[in-house]
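Since the structure of chain A is already known, use the hints to place chain L on it.
2 protein chains.
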Amino acid sequence: MNDVIETILNHRSIRKFKDIPLTDEQIKTVVSSAQMASTSSYIQAYTIIGVKNPETKQKLAELAGGQAYVENSGHFFIFCADLQRHELIGKMENTDVSEALQSTEKFMVSVIDAALAAQNATLAAESMGLGICYIGGIRNNIEEVSNLLKLPDYVIPLFGLTVGVPESEGSQKPRLPFENVYHEETYTQSEDKLISQLHEYNETVAEYYRERTDGKRSDTWTGQMAGMLSSAKRKQMMEFVQSKGFMKN
Amino acid sequence: MNDVIETILNHRSIRKFKDIPLTDEQIKTVVSSAQMASTSSYIQAYTIIGVKNPETKQKLAELAGGQAYVENSGHFFIFCADLQRHELIGKMENTDVSEALQSTEKFMVSVIDAALAAQNATLAAESMGLGICYIGGIRNNIEEVSNLLKLPDYVIPLFGLTVGVPESEGSQKPRLPFENVYHEETYTQSEDKLISQLHEYNETVAEYYRERTDGKRSDTWTGQMAGMLSSAKRKQMMEFVQSKGFMKN
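Listed in order, the protein sequences are those of chains A and L.
For the first sequence, the working numbering assigns the number 1 to the initial residue and increments by one for each residue that follows.
For the second sequence, the working numbering assigns the number 1 to the initial residue and increments by one for each residue that follows.
So that you can see chain A by itself, here it is in the shape it has in the complex:
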């Protein structure tokens, strides 16, 4: 196994950091690594905001649902879908780009671009001994987050990435069975087979929680998912996304 695969397979989310800010050089390496990810037709449809200011971090931690590790981290990055510079290009090149920018296709392109970049950032950080945690919680109050960061039209904050020197080790949750995630040729899974895989996986997940809590907790994965999905969250998402200019057609 090489160092890259070892870093990938060793990933765990870190939620407790030492009080050590990232250096400018570390920030530069993380962002430059993000930028080398593939990008759809060279579009580079994302922007990264880095937050150092303790007050802004505190506000973002609150807006993300009181996640202290946003505040107490070495640096907080926010990955944004960004077609704003492409709107400007329309003006520079005297071209009407509005229909393209407003398409669902280009929304997907910018979300995918931003996520590919973020995972490069993650691995670059982890390879330097830093820990990370993705913060989807910023979408709890996406409009407030957007206003706080002064994001213009055609820019949407997708998720945060909190990065720092790990204070705790974190643990690695067992993933779905390989056969459940990977299919050859077609999506051949029969419902019965899928259900039997999920029952087996439930045992693995329950064992993981039992071990870590001295038997006090024994969630299954399907139970956890059903609980989480029993109501819709962040219902304002489509309205917000459209208010920023995206996904109108």
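No lab work stands behind these hints: they were computed from the structure.
Source: prediction; values computed, not measured.
Any given hint could turn out to be false.
Said to hold, decoys possible - Heads up, simulated BS3-like pairs for lysine-lysine below, C-alpha to C-alpha not over 25 angstroms straight-line:
# : chain 1 : residue 1 : chain 2 : residue 2
1 : A       : Lys91     : L       : Lys193
2 : L       : Lys91     : L       : Lys150
3 : A       : Lys59     : A       : Lys235
4 : L       : Lys52     : A       : Lys193
Said to hold, decoys possible - One side of the interface only, derived from the structure: several residues of chain A facing chain L at Cβ under 7 angstroms:
#  : residue
5  : Val4
6  : Ile8
7  : Thr47
8  : Val111
9  : Ile112
10 : Asn120
11 : His183
12 : Glu185
13 : Arg234
The beta-carbon is built from N, C-alpha and C at its ideal position, and this holds for glycine as well.
Structure of chain L alone, referenced to chain A:
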């Protein structure tokens, strides 16, 4: 610089492969690496289809717009947003999950999950000396691709990843200036500053093309983008996405 960052910064898309299929072990490593990416609240909302069959690859190459390197590669992965297993969980756990699954929020979650996983797959492959190219072109004919792969409701093919032993070296397109992509504290870019950065970048990109074509081609980035964005592509996207159950609210 460590091996991980070196692999990340050395990325280039490969569009010509040797006629050598990936081994089962390589496939397993690529998929297992994908699975270790972070996932929103443990949801694991994606599936990976691997295609070996030459006829299916040929069809997919055609559907993606005649991209021969889809056909002539070591393996073709298709990364799909997948909430189908979560629909099944609703049945298993006797819980109504439909409103959550149909939300724009969960569509975004599944797209981000799939992309994070894909970038891990990419780096794992590249670290083993393999080359890759993302194939957004499968969205040109997304419904046909979906039917060919027999994808059920709540599963959408997002992009392909063609992987194999490189036959050519590929080249590395210069990225946007660091200052254009990364902002601190807020999105402070003034329009004038942004335009001047883009003019400077245009020079870099034009020089890149001139060098590679003996002066025959000298595209600017903003010119290329304006051309690409002058009309909307893949206009059926929203309709297709909704037809699969996603993003109805």
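Hints, verified against the model:
| no. | hint | in the structure |
| --- | --- | --- |
| 1 | A:Lys91 to L:Lys193 | holds, 15 angstroms |
| 2 | L:Lys91 to L:Lys150 | holds, 22 angstroms |
| 3 | A:Lys59 to A:Lys235 | holds, 22 angstroms |
| 4 | L:Lys52 to A:Lys193 | holds, 23 angstroms |
| 5 | Val4 | holds, 3 angstroms |
| 6 | Ile8 | holds, 5 angstroms |
| 7 | Thr47 | holds, 6 angstroms |
| 8 | Val111 | holds, 5 angstroms |
| 9 | Ile112 | holds, 5 angstroms |
| 10 | Asn120 | holds, 5 angstroms |
| 11 | His183 | holds, 5 angstroms |
| 12 | Glu185 | holds, 6 angstroms |
| 13 | Arg234 | holds, 4 angstroms |
In terms of the numbered hints stated before, the structure departs from none.
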